[in-house]
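Visitor: Protein chains in written order, with this note's numbering: chain A, 1 to 105; chain B, 1 to 684.
Derived by calculation from the structure, the hints in this document are not laboratory data.
Possibly wrong hints are sitting among the right ones.
As the list claims (entries may be wrong) - As a list, the in silico BS3-like pairs of lysine-lysine whose alpha-carbon atoms are at most 30 Å apart:
#: 1; chain 1: B; residue 1: Lys-308; chain 2: A; residue 2: Lys-27
#: 2; chain 1: A; residue 1: Lys-102; chain 2: B; residue 2: Lys-78
#: 3; chain 1: B; residue 1: Lys-106; chain 2: A; residue 2: Lys-89
#: 4; chain 1: B; residue 1: Lys-407; chain 2: A; residue 2: Lys-30
#: 5; chain 1: B; residue 1: Lys-85; chain 2: A; residue 2: Lys-89
#: 6; chain 1: A; residue 1: Lys-59; chain 2: B; residue 2: Lys-407
#: 7; chain 1: A; residue 1: Lys-27; chain 2: B; residue 2: Lys-654
#: 8; chain 1: A; residue 1: Lys-89; chain 2: B; residue 2: Lys-78
#: 9; chain 1: A; residue 1: Lys-75; chain 2: B; residue 2: Lys-78
#: 10; chain 1: A; residue 1: Lys-30; chain 2: B; residue 2: Lys-402
#: 11; chain 1: A; residue 1: Lys-27; chain 2: B; residue 2: Lys-402
#: 12; chain 1: B; residue 1: Lys-582; chain 2: B; residue 2: Lys-683
#: 13; chain 1: B; residue 1: Lys-448; chain 2: B; residue 2: Lys-402
#: 14; chain 1: B; residue 1: Lys-407; chain 2: A; residue 2: Lys-27
Please read these numbers as outputs of a predicted model, since none were measured by experiment.
So the chains spell out like this:
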Amino acid sequence: MVAFTLTSAGHDVVEAADGQQGVEAAKAGKFDLIITDVNMPVMNGIELVRALRALPDYKFIPMLVLTTESEQSIKQRGREAGATGWIVKPFSPEVLLNTLGKVLD
Amino acid sequence: MSIDLTRFYESFFAESLESLEASETGLLALEREHATDERLNEIFRGLHSIKGAAGSLGFTGLADFTHHVESALDRLRKREFDTDKPTLDILLSCIDYSRALVLAAKDGRPVDGERGQELVTALDRLHSTLPANGVPEPSSVTAPVVTDAVPGFRIGFQPAPDFFANGNDPLRILKVLSGMGHMRTRCDATALAMGEAFNAERCYLAWDIVLEGDASREDIEEVFSWVREDCALSIEPLAASAVEAPAVQTPIPTSAPAPNAPPSVAVEGAEERRRLDRRSTDRRSQARSAEAEAEEFRQERLHVSRDKVDALINLVGELVITKTMLKEGLTSLPLEVSQRLEAVVQQLERNTRDLQDSVMAIRMLPVSHAFGRFGRLVRDVGQSLGKRVDLVMTGEQSELDKSVIEKLVDPLTHLVRNALDHGIETPEERKSLGKPEVATLRLHAEHKGGNIEIVVSDDGRGVNAQRVAAKARLLGLIGEDVEVSLERACELIFEPGFSTAESVNELSGRGVGLDVVRRNILELSGGIRVETAPGQGTAFVIRLPLTLAIIDGMTVLVGQETYIVPMTFIAECVQPDPAAIKSVAGRGVLVELRGQYLPLLKLGELIGIEACGGIDTGILLVVEADGNHVALLVDSLVGQEQVVIKSLESNFRKVDYIAGATILGQGQVVLILDVAGLVRSAKS
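Next comes chain A alone, as it looks inside the complex:
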């Protein structure tokens, strides 16, 4: 749904199946925003954010973490890893697009 909403709004979206692939995709391209779920196989969202934040190209790129209300501690860990912000699941396309206004110029 995230990819669909973003594509519909005219953004170019590259999807990755897990954190490891996410890092590779990020290295291969140049992105204005990273959106990741917390729970992913191979490398979770927090680790992904930490790995990307360490790359010079992604030092200041906004990264959003998708989380659920029950994962309050995740927000804290995400922040420490370098996440810009979070979106609480489930959310509607409008919420997602409004949130983009906070992280894209």
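Model the placement of chain B on the given structure of chain A, informed by the hints.
Guide: Same frame as chain A, but now just chain B:
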């Protein structure tokens, strides 16, 4: 490019069911515990997200019904009615019905329309009982106490020095705030470090903001929700006296960005958002009509790891070999037995081929996966170079093996950048040449036989033979007084270290030239050639096999040794005419074929087999790679066979002129020739 909605269906169904489950869990919890705001929000969000997504995807029934449930939950959230048992019963039934609607959309299960009507009526009745319950209208509580004060807040915002480290940006926050009402700001730059102490990665500024309008404190807090721990923040309601401040009034959107802000932030926030909105509604209405076409799509999707698919492909490969063995074995049986088995083996052959095709199809992806990224690239690079470029993609639905697509991205990126950088002229130059100011860059994919052809073309200045020649002389690739034809120029640009760009810039001149592009393509058993017309444009044509795992091969004999030549490289087979063989000093042996001279390679000599036949007894395979033809002398042709490529590098080591190995029907291990490598060696 239209959006294929169907690929979002499966995730929509799965996510909707999850959301419903979350809301349901929340509702059930209300039976046991007090309703907290957080809990009610959680329940609300589940339905809200389904409503939005269902609307975008065109599931109108689901969108309508969830809209009713959502508005009831919204009222519940505002405590307009109580969460007593009957209410919860109705809401839980609504969850059940929503779930039925999702499943109906998913696999066409019937839904009871009357039940939906009943529930909507029940929900409406929940609303209408409110005033009777004596719940006051919310507006009467929140009515402003001080009536002459302007509604709004004064916000003190001081980001921490490392505010940028998480990818946050104060300007974006100010931009969002400016969209919420009339805003005036004063920037406090007293902490700004000067000279060497200044660190562009740190934030030295603080803001004093007056925001007039009816945005609530919650709205404002929401804007700062991600950065609460990264800044000092104060939000005070505006008192009548405070409205005069701040002293220095800087309207946002800013025309001049703060000194330490990234350069490109000054955007008219509201305008930008409006544009985005308009675009997204356009896309959405487009998407809906596409949905109607794709209504038949009701397919389950599986996420399978690549290893499993690869293992399957490997097994099918082995099966193909076993089938070939069986077919071979048939010939040694007595005639009456083999005749009876023949039909069965033919059936097996058809089935294995179908099986092989289906398994390969699992790995096939549309080329749009590789093309997709270029929209952005062309826009950004074009902008930074001051060139106006239209990107036109055609045939992007053609399918190609996933691993080929992955390896194709780099070379394609390079070609696209190359076209933007060198091929396409500036708008002024184009105008003076009488061309349209906006250049066209085309990406095209098309199946041709067992291959796919991908073309990257532009309508720019084309390859300039003179400039290529000058550069080649400089590099010592050609002699001082050698004339260079356009065809020769098109070959020269693929030489290592070649670039006619006057200055190496960050885009095309990364030390990676077209030679690397060609090498990448050759590694995929493909070829690349250039078609160009001066002043009219350049096209790079890439030809690739659809898959790397199984190829059609020609089995050839040299002495006692068997080799396989991939069919895609073979142009023709000819009986050599000894009179057509010419030795040319410095260029080795050439064969004349219909007026053309081709380099002759004797396979026996190349790989050191002495007991092989000569030119008078052998046969010539005319092979083609990179647009160059070479005649390859072998002793005889054995037959055509499908073979599974096994990597020699991963099992043994890289060997010159050998692309891999395979096992033939008889169980014999044979080597597959690297035709591209052979052709290259013949040229040098």
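Visitor: Would you mind marking each hint as holding or not holding in the structure?
Guide: So, going through the hints one by one against the coordinates:
Taken as a hint, the Lys-308 of chain B and Lys-27 of chain A pair is honoured in the structure, with Cα atoms around 26 Å apart against an allowance of 30 Å. Pair hint Lys-102 of chain A plus Lys-78 of chain B holds up; C-alpha atoms about 26 Å apart against a cutoff of 30 Å. A C-alpha spacing of about 22 Å is found between Lys-106 of chain B and Lys-89 of chain A, which places the hinted pair at or below 30 Å, so the restraint holds. Pair hint Lys-407 of chain B plus Lys-30 of chain A holds up; C-alpha atoms about 18 Å apart against a cutoff of 30 Å.
Of the pairs offered as hints, the one joining Lys-85 of chain B and Lys-89 of chain A holds, with about 27 Å between alpha carbons and a cut-off of 30 Å not exceeded. For the hint linking Lys-59 of chain A to Lys-407 of chain B, the alpha-carbon distance of about 27 Å falls within 30 Å, and the restraint holds. A distance of roughly 29 Å separates the Cα atoms of Lys-27 of chain A and Lys-654 of chain B; the hinted pair therefore holds under the 30 Å criterion. For the given pair, Lys-89 of chain A sits about 21 Å from Lys-78 of chain B by alpha-carbon distance, which is consistent with the 30 Å threshold.
Distance check on the hinted pair: Lys-75 of chain A and Lys-78 of chain B sit about 26 Å apart at the alpha-carbon level, within 30 Å; holds. Between Lys-30 of chain A and Lys-402 of chain B the alpha-carbon distance is near 21 Å, which keeps this suggested pair within the 30 Å criterion. The straight-line distance between the Cα atoms of Lys-27 of chain A and Lys-402 of chain B is roughly 19 Å, inside the 30 Å bound, and the hint therefore holds. For the suggested pair Lys-582 of chain B and Lys-683 of chain B, the alpha carbons sit about 16 Å apart, so the restraint of at most 30 Å is met.
This hinted pair checks out: Lys-448 of chain B and Lys-402 of chain B have alpha carbons roughly 18 Å apart, not beyond 30 Å. A hinted pair counts as satisfied when its Cα atoms are at most 30 Å apart, and Lys-407 of chain B with Lys-27 of chain A qualifies at roughly 15 Å.
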